[in-house]
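A.B. asks: Sequence:
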Amino acid sequence: MKKDFAGLTPARILVGGFAVVILLGAFLLTLPAASKSGQSLRFLDALFTATSAVCVTGLVVVDTGSHFTAFGQFVVIALIQIGGLGIMTFSTLLAMALGKKIGLKERILIQEQMNQSNLSGLVRLIRNLVLVTLAFEGIGGLVLSLRFMADFSPARAIAFGFFHSVSAFCNAGFDLFGQVYGPFTSITHYVDDWVVTLTIGALIVFGGLGFPVIVELLKFPRSKRLSLHAKLVLFITAILIGGGALLIFLIEWNNPKTIGALGPAGKFLSAMFQSITPRTAGYNSLDTTQLRAGTWFIMIVLMFIGASPSSTGGGVKTTTFGILLSTVVATIKGKGDAELFERRICKDLVYKAMTVVTISMAWVAFVTLLMSLVEPHLFIKILFEVMSAFGTVGLTTGITPDLTDISRILIIITMFIGRLGPLTVVIALSQGDHPNRPGGRFIEERVIIG
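Take the sequence shown: its position 376, counting from 1, is numbered 383 in this note's numbering, and each next residue is one higher.
Heads up, some of the hints might be wrong.
[To be verified] Keeping only pairs whose Cα atoms sit at most 25 angstroms apart, straight-line, the calculated PhoX-like set for lysine-lysine is:
| # | residue 1 | residue 2 |
| --- | --- | --- |
| 1 | K340 | K231 |
| 2 | K238 | K226 |
| 3 | K274 | K264 |
| 4 | K359 | K226 |
| 5 | K238 | K388 |
| 6 | K340 | K354 |
Simulated from the structure, these hints should not be mistaken for laboratory data.
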């Protein structure tokens, strides 16, 4: 029996765990009780929705609010919460509730899921993670519920408030407004509503920072120090949000179909939100189909970079981008090592960052090429869709419901890879551990670059 499970590495167990939850969610969404029509949803569409929910993406082929019943919507938000926190987080919570001890194998799985460098303090991290998540989602849900009281009945306001709070903090982007304002409208009805936009925007940002960074920020008033990881995450996040908002503001300034008709404050708010949401969230306060091509390009870049490690978001991650940026700067300056905040970055991290970016770009290019062969849409719209799936973002130029079955399958796979991380999936699919070649290293020889 032991031999049968010898090949189950932590990466493979995580991949398998996510796959099982997705399949279970897809089955529940195919039940007639999940659809308002009373008819079973096609399995591929249910699989697409379940994958999007577990991988906290937000791309949908059927509108969540207008298509699904309360049961179906509950399944979706449950999948979002499980996917956002991670399979091992829920397994650990269940084990703790049953009084079971968290063994070494479970700790290794948690380490793999949380992308941590060591095994110490993992159970405490899980406990803090859950408490922080419930606190943010609870506060966000309360604020949104109070705001929605002006628009809906108390029951609907509370349901909407907490659904969108969980969806925002988990960076999922699913919404229920389709049953009120029309399918696939997201939060466009609240484009200049400061309470809704700022609350959802704040939840997205904190959910995308990563739980270790949030814990450090909460401890900062007493400790007065931040780790290199936290400094890098906060610095890159601020640069991406601020820089993205400025570029979107300038590009869309006089576009009457987006922010052109808004006042200065509304333009600033909308541009800022549209810079935040491509960082793996998926909510849109502006009609994405009406944005200019330049804005689409900016958002594609933001979606590729994505959120931060150990967060609910996808993409190659802010730290990966920061390390590569510091490597470029070090090369230009003629330095032998990349440096960040007066710290030297080890070459192993540089190699890992380069590997993640290379694999990610190769996969996105491959899927985009395949989809361009079977889809009639503009190439940039297809690239936008693929990048949205890979970054687990959920934004679309409006082509998702019209995708062919082949493209839907490709997007499902891309969302799965984007959530777990390309490196994790590659390791899971590889033949296991490969020991280093014995006998030392090869002779060094130089080649011409550039």
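A.B. asks: It remains to establish, for every hint, whether it holds in the given structure.
C.D. replies: Here is how each hint holds up against the structure:
About 32 angstroms separates the Cα atoms of K340 and K231, which puts this hinted pair outside 25 angstroms; it is violated. The straight-line distance between the Cα atoms of K238 and K226 is roughly 14 angstroms, inside the 25 angstroms bound, and the hint therefore holds. For the proposed pair K274 and K264, the alpha carbon gap of about 12 angstroms is at most 25 angstroms, so the pair holds. Taken as a hint, the K359 and K226 pair is broken in the structure, with Cα atoms around 30 angstroms apart against an allowance of 25 angstroms.
Under the criterion of a C-alpha separation no larger than 25 angstroms, the hint pairing K238 with K388 is inconsistent with the structure, at around 35 angstroms. Between the alpha carbons of K340 and K354 the distance comes to roughly 17 angstroms, so the proposed pair stays at or under 25 angstroms and holds.
When each numbered hint is compared with the structure, violations occur for hints 1, 4, 5.
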